[in-house]
Amino acid sequence: MIRINCPVCGSRDENEFTYGGDANVVRPAMDEAETGPWLDYVFMRDNPRGPHREYWHHVMGCRQWLMLERDTLTHEIGDCILARGVA
Amino acid sequence: MSHYSAFSVFRNALTGNRHWQRAWRDPHPKPSYDVVIVGAGGHGLATAYYLAKEHGIHNVAVIEKGWLGGGNTGRNTTIVRSNYMMPGNTMFYERSMKLWENLSQDLNFNVMISQRGQYNLCHSPAQMDAARRRGNVMRANGIDADLFDRVEVRQRLPYLDYSPSARFPIHGAIFQSRAGTARHDAVAWGYARAADRQGVDIIQQCEVTGYIWDDGNIVGVETTRGPIRAGKVGLAVAGHTGHLADMAGLRLPIETHVLQAYVTEPLKPLVDTVISFGAAHFYVSQSDKGGLVLGGDLDGYNSYAQRGGLPMVEHTLASAKALMPSVSRLKLLRHWAGVMDMSMDGSPFITKTPIDGLYLNGGWCYGGFKATPASGWCFAWTIAKEQPHQDNAEFTLSRFERGYQIDEKGAGPQPNAH
Ligand SMILES: Cc1cc2nc3c(=O)[nH]c(=O)nc-3n(C[C@H](O)[C@H](O)[C@H](O)COP(=O)(O)OP(=O)(O)OC[C@H]3O[C@@H](n4cnc5c(N)ncnc54)[C@H](O)[C@@H]3O)c2cc1C
Ligand SMILES: [Zn+2]
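As given, the protein sequences belong to chains U and Y, one line each in that order. Numbering follows the working numbering, in which position 84 of the first sequence is assigned residue number 84; successive positions increment by one, without gaps. Numbering follows the working numbering, in which position 365 of the second sequence is assigned residue number 365; successive positions increment by one, without gaps.
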């Protein structure tokens, strides 16, 4: 069981949350007309073995979107902050 | 290396089983090979076997960081089927099914293919319509498929929940009678032994840590047992594709996720087929030892850790109980996990890469065991002939930029939904 330290609610079990994926992908500007940046955004991933910045939604708690760093090899969780400050 | 036969079993029995030979050699890596395959799972070993057998390329090494068959090949729930309906998938998986049907004879090793049939249950009229469409596509391609209504499913699988209080009523099922299971370890061992007999070096306890480059081309691999040069390098590393591609500077439409499997205490024969629940991601079969083999969903987040979490155990067992209430008092004996490349459309890659000398076999999501024979067969073809066979022609990396995703499940660009 992963425990996530929600900045609002404190340390909670992972099944209160839904996973929101890689936080490093950035949506291109809506007037971006080249296909390359959209290909990168929709399909391509760094997929690191190690630290991964990602979104989680505390859907069964405060309902805030969070951004945290988690190690994909050990599942160890690092800093967890509110996503609205950054994204 | 001796041929296995009824006679060899008899002869070795008479001499106290003291004269069996090793099933494969344990060679030191040579300085160079024509082809180096990274990853001694079923796919890598099959590729080496078909390179030698079909294309006469015998100077091949398969390099494995652990022991052969210790990756997903040894961790999966062994279901084999060919009920795919998207162009690009359908005939590939049917090629695999045809290879499975003769694999034990071809390899001279019993892979225990058991064509016990597989049911995909439907729980709504819309699911029945979708199943009918899938079955029609399969039949149009010469693949067996049957559609059963609720009454027939109930006769065939009487132990499922047909009560009015069933959480998801069973409307019917699509059935493939040639589908079934195979013995996962035997597949790795059978291909290993057959490849070894063709002269292929299988090098275990040897991790690939980088590539040898020459002018932007890959001409070998760096390993924990020294550099090995190669005319061509093929990756068949399942969940580690992202990591090995990254070392080559490639960014892929893949995320690595963890999937668990579960086995209960042994029972007398109960489930003599393979059953997939259509309302949640759950399926069940029974092993020869009597344990029910259960599978379910991904844990749901990127992971290279070969272990899963408890929430998915609970979710999977809740699905089991919803479908088959009689299992509720069974004890779980074991559960484990493997890490897989989840591609962005749920379909694999068997292709050349933008880097000369590097070939890719990956993106198998949670369905690559059934693909093992055809995957090796098509990857060997692609490496030997420098172009895909028509059965793997769509499994390119470029399909995403061209807008030709093969989205069998219709789930969109979601790496954790296929
Ligand atoms: C729990 C679970 C259930 C599944 N159920 C089914 C099912 O019922 N039906 C089905 O069709 N599929 C199923 N699958 C998927 C299937 O197991 C895989 O798609 C398939 O086995 C992949 O085979 P492979 O040979 O590509 O990979 P693997 O068997 O994983 O082999 C890859 C090998 O590469 C090695 N490797 C990795 N990195 C390196 C390196 N740097 N250097 C050297 N070697 C390296 C690994 O050690 C490993 O042995 C399931 C998977 C899991 C995890
Ligand atoms: Zn919260």
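For the record, the hints were derived by calculation from the structure and aren't laboratory data. Predicted model only: the values in this text are computed from it and were never measured. Just so it is clear, CB atoms sit at the ideal spot from N, CA and C, and this is done for glycine as well. Heads up, a few of these hints could be off.
With beta-carbon atoms standing in for the labels, derived distance ranges [as the list claims (entries may be wrong)]:
| hint | chain 1 | residue 1 | chain 2 | residue 2 | range |
| --- | --- | --- | --- | --- | --- |
| 1 | Y | Tyr404 | U | Asn5 | 40 to 46 angstroms |
| 2 | U | Leu82 | Y | Gly412 | 45 to 51 angstroms |
| 3 | U | Val25 | Y | Ser2 | 53 to 59 angstroms |
Here is how each hint holds up against the structure:
| no. | hint | verdict |
| --- | --- | --- |
| 1 | Y:Tyr404 <-> U:Asn5: 40 to 46 angstroms | holds, 43 angstroms |
| 2 | U:Leu82 <-> Y:Gly412: 45 to 51 angstroms | violated, 27 angstroms |
| 3 | U:Val25 <-> Y:Ser2: 53 to 59 angstroms | holds, 55 angstroms |
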